[in-house]
Structure formats: C-alpha cells, structure tokens
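Given chain G's structure and the hints, the job is docking chain W onto it.
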Amino acid sequence: MNSIIFSAIWGIVMMFSGLFSKSKRSLQTFAVVGLILLLVVNTLELNGDHFFNIDLHNMLYFAPFGLLSNSIAFASTLIFFLLSSTDIFETGHNAAEYFALIFFVLCGISIVTSFNTLLMLFLGIEIISIPLYILTGAAKKDLKSNEASLKYFLMGAFSTGLMLLGIAFLYGATPNGSFMLDDIAVGRTAASPLYMIGLLLLLVSMSFKVSAAPFHFWTPDVYDGAPTVFTSFMATIVKTGVFIGFIRLFGDAFGQMQSRWQLFVAIIIASTLFIGNITAVFQQSVKRMLAYSSIAQAGFMLFALLALNNFAKEGIILYAAAYNLATIGIFAVLGKMKDYSFEGFNGLAKSYPGIALVTTIFLLSLAGIPLTAGFFAKYYMLAAALETGNFLWLVIFAVACAAISVYYYFRIIQAMYFKTGEPQQLKVGIGFQYALFAVAVIVIVLGIFPQWLINELYVIYV
Amino acid sequence: MPINYYIFLAVALFCIGVAGVLTRRNAIIIFMCIELMLNAVNLLLVAFSKMHYKALAANQPDAGINGQIFVFFIMVVAAAEVSVGLAIIVMMYRNTHSIDVNFLNRLKH
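Chains as they are written, first to last, in our numbering: chain G, 1 to 462; chain W, 1 to 109.
Keep in mind that the hints were calculated from the coordinates and are not lab data.
C-beta: ideal position from N, C-alpha, C; glycine also.
Watch out, some of these pointers could steer you wrong.
[Claimed, not checked] Far from chain W by the CB rule (all over 10 angstroms, computed), these chain G residues:
{"id": "1", "residue": "43"}
{"id": "2", "residue": "46"}
{"id": "3", "residue": "48"}
{"id": "4", "residue": "271"}
{"id": "5", "residue": "281"}
{"id": "6", "residue": "395"}
{"id": "7", "residue": "401"}
{"id": "8", "residue": "407"}
{"id": "9", "residue": "413"}
{"id": "10", "residue": "445"}
[As the list claims (entries may be wrong)] Here are the simulated lysine to aspartate or glutamate pairs, DMTMM-like style, with alpha carbons at most 25 angstroms apart:
{"id": "11", "chain 1": "W", "residue 1": "54", "chain 2": "G", "residue 2": "182"}
{"id": "12", "chain 1": "W", "residue 1": "54", "chain 2": "G", "residue 2": "183"}
{"id": "13", "chain 1": "G", "residue 1": "427", "chain 2": "G", "residue 2": "343"}
{"id": "14", "chain 1": "G", "residue 1": "141", "chain 2": "W", "residue 2": "100"}
{"id": "15", "chain 1": "G", "residue 1": "336", "chain 2": "G", "residue 2": "221"}
{"id": "16", "chain 1": "W", "residue 1": "50", "chain 2": "G", "residue 2": "183"}
{"id": "17", "chain 1": "W", "residue 1": "50", "chain 2": "G", "residue 2": "182"}
{"id": "18", "chain 1": "G", "residue 1": "22", "chain 2": "G", "residue 2": "87"}
{"id": "19", "chain 1": "G", "residue 1": "140", "chain 2": "W", "residue 2": "100"}
Next comes chain W alone, as it looks inside the complex:
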C-alpha cells in the first residue's frame, strides 16, 4: 500500500483527537482524545519505519528500526502521563465533585 494512505489515516485520527480536545468539556474525554493523538503518531511512525526499511534494507539491514523504538518511548511516556493526569483529575473531583472543564473557568475570579 502507498505510504500516503497511512499518512491520511494518521492525520485523520490526529484531527479527530484535536477536535475532541477543543470541543469536549469532560476532562476524561479530553484526556482520551489526547491519547488518540499520540496513537495516531505511533501509527505514522511505524508506517514510516516500514517505508524506510523497504527503501534501504538492501544496504542497511536495520533501517527504520529507530522509528519503532521511538514508538516504545511514546508509549512509556504516555503511561507516565496517564498516571499523573488521572491523579490530577481525581484530586479535582475530590474538591469540586465534577470533572467538567467549564466548571473551572467559573472559579477564576
């Protein structure tokens, strides 16, 4: 399959994530949308990695491997972020009994 298909799919997934972050008001759903963005990037990196492998494998047997390693790092960092992010959301829920982001703006002044 041409690489363009993968790029379009990943960008579409990413845009769904961005749209969710910008329009939804529930902190957990915003959070899920951010994860969707990260996973779109993972998909793209793996696709590019395969593309580089196909193009360069003749001279360089490990071509494209660093893209896949990057994906693992993104997964690890995303897991760390989830643990901190959920803790923050729980902390907020304890104080306000709500995870609505609009609720926060009312507290501003």
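Bound conformation, chain G alone:
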C-alpha cells in the first residue's frame, strides 16, 4: 500500500516540478530521490510498517512475493534513471512529464503485484499501459515512434477488451457473483464452459501483455520504434512486473485446476522460445535483436507459470532481477550510440575497453553463462519445470533454444573484440561508466550468491 500511494503522489509532484524547475540536474535528482523513497517505504512495508490503514475490502493483498518484486522493479528503475536519464532529456522537451509517467507506471506495477480481485488486476494493467502509450510516442516528430505508439495503443486496447470479456465470463460463472480470486478458484466454482472460456481469454490477453508467441507480433515493431530509453523501460521493468501479476493470477485463482491449462502454457512456451530465438538470429539491428531476445526471455519466464511451485517463485524473482539489470545495461550503452547495427559495435573494445567489458558481462548474463545472474535464473526455471515431472521434452527444447541464443549474443561480443572498424564516439561521462560497472558487479554477485536475493522471500520480519 505504501508504494502504491507514494508512487502516485510522487508522480504528481514530478509533474509540477517541471513548472518550477527547468534544470535537468535538479529534475534527475528529484526523480532519484523519489525512487529511493519508494524503495524505503516498500522495504518498511516488508517489515510490517503500514503507513495507511485503509479498509481495502480485501481487494489488495500484500505478501512478501509481491512486495519483493516491487523492490526489484524500483531498484531497476533507480539504475535505469542513473544510467539513462540523459537520454530521457534528449527525447523531448517534457522531461518532467516523462518522469511523472514512469512513476505512474510504477504505481500500476505495485497494484499488479498485489491484487486480490480481478478489478484491481484490470486497473493495474491499465495504469501501466496508458502512460506507456504516451512514452512510446514521446518522439513526436519521429514517424517510427508514431507508428509504434499507435500500434501499441491499438493492440493494447484490443487485448484489454479480450481480458474484460474473460473477466465478465468468470463473473458469470462464479455462483456468488464475485471478482475475488478466492471465489474464482475452483472448488467453490464448477468448471463450466463459461468458466473455461473466461480462463482461456485471460490466458490469451495476459500473453499479449507479456508478448508471448503467438501473440507477440506487435513487440518487435513497438520496441524498435519507441525511443531507446523507453524501450529499455518497457522491455524490462514493465514486462517483469506484468509477469508477476500473470503468475499471481494463475497461481491464486486457477492453481487448483493447473492440469487443465498446463498444456496450453507449454505450447505457448515452446512457440515463444522457438520464434523469439530463431527470428533474433536474422536481425541486422541490435535494437530489433534485443526486442526478439526479450520475447525469447519471456519464454523462459513462462516456465514459472507452467510449474507454479516454490522453485518457480524463487526463480521468477531472480530472473526478473537478472534480466532487468542486464537488459537495462545493454540498452544504456546502445542509447549512447548512433549506429544501431551490429557493425556499429565494431572495434568498440579498442576505443572503450571498460564499456566493452561490461557489455560482455551483460550479454553473457542474458545468454545464461555460469558465474552470471542469468545462469541461475535459467537454472531455477528449468528446475521448476523438471519438478512438475512431465515436461522433460520442453526443458530439452529450452536448453537447445538457449544454445541458439548464444549465437546472436556473441555476435556483439565478436564485433566488439575481433572486428576492426570506425570506432563510434560515445558521449559518456565518468559517472555513467562507474554506474555501469556497479551494475555489472551486481550481475556477477547475483550469479555467485543468488540465495542473497532469494532468501529475502522467506525472511520473517517482526
């Protein structure tokens, strides 16, 4: 509750701060202070300090799983601001509003991680989506940005329509007319055709939101067209936030009838991994490649939905952290470049050895090489799927797809270290490099001691 209220208030404060201050530096400081505040109040809530005692009619439910994923989202956004806020200023003249919209998105994420009724799920998803449509179209004169924004808007509204129809069917199928997850959970509700259609529609619309194949077709265009900073935000923090909501929805409401939808999810995972990885191989632009790679990574995150056991919960937390950090880092480097093609990375190791090194670490983490956070994240996901006992074929397929992904991630490393070319001039300050190093260190530390993060799930605070 703390983080929901504070992020909404801070969003409004940021909006007005644009009136009083034109200085970029003070805006950035203001945003960073706001995020640190959010992290603090969220941690306090994990400790059991609720600042607000509002009768919520049980509509929101605050568990360590959701709160910890809030913390990951806030920490990732903090890193995102530290690395990329200069790019935000370059996108347009309304920097204060962009920061404000990002805070509103964070408010939506806090709702989506802790909803207890379908009404709150719907509101949370919309509070995430509507500011994102604006951020996607932030470069107003850029036709690609316009196209991305319109496409994202139409697809997002369409999938919201599907989700609402699913919710309405579920409402009709519950005997006591309620949107609460407990009432929807089977046991009290007979699984009528109406109920199953509702479940399927929710599965489809949430797959739309997390860009799982075959509902991924909007992703490459939107991620490619949006300004690079906001692509970074959308592809990481928003995507993992919605994933937590996806898992909470299917875990709490439909967990008892898992056997009836598990096969659908398995098919979605297989096609997501296949399409994401194969198409990423053929891309010429690194930005577009990262869009497809985010689809492929979504395939791995879906394993948590397939399994829904303790491994899966631990794994998705770790996966969210690992994937957020690595992708934000790569996008931050990419945002400083002019040429987004693979050739643009040629010879980067000569002119900027430090940046080339940290980029390599991020790419290794995304590919899931041991000693980086990405390895344990993938390991937990596959272990969770193995524990269910009947998806060995899918695990083998996923490992094969991870091997394919090594090809396109290593293409960048190869370009940086083994190809000579006209080195690009990057406008990077010393602070940027230190921040990037710090992120790389976190990626490696999480790769060696993943339990430091996971144990947070089980700490009982007094």
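What follows is chain W alone, placed relative to chain G:
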C-alpha cells in the same frame, strides 16, 4: 428473459468489434470497434449482475452490485484511453496527413 440471450447478444457485439479491428484500415474506425468490444463487456457484466441479484437477493441484499461497479471502472478507463488514443492519432495525422494503418507499414524499413 434467460441469461443466454444476453450472453449471445454480448458475444455477437464483441465479435463485430473484433472483426472490425482485424479488417478495417482506418485508425478511428478501429478505435470505435474497440469501444464496441468494451461496451459489449459492459452489457454482459450488467446482465450477470442482475442474474446474481435474482439468485441471491433473499440472503444477500447487495448481491451482484460489484458487477455494476466494475462497469463504471470500465467506462472511466475507456475514457482515459480515448483521450490518449485520440492524441496519438492526431499526432500521427500531423506527420503523415493520413490515419490509414496500412500507410504505417510502408514506413517500416
């Protein structure tokens, strides 16, 4: 009237909306079709709300009320979406002087 009639009507309206989204090329008409989808859902929710009220009113005088509250939330969110969506369409019209969705695909490469 049996609830089935309402379900069929709402699903028919919803399918008209989906067909419009998939086949039309004018951004504003696609947009109207999405609104049609949302309103079909509103109709369905109100019908279900009445159904629950009829079934449970004896024990629970406020049965089914949350369905109607949901409808208000959908209306509010749809209004917010309209304001953002129309702004996006206007922004695009300023740059391309067209709101044809096919026009966008030509810009891709």
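What hints, given by number in increasing order, does this structure fail? none
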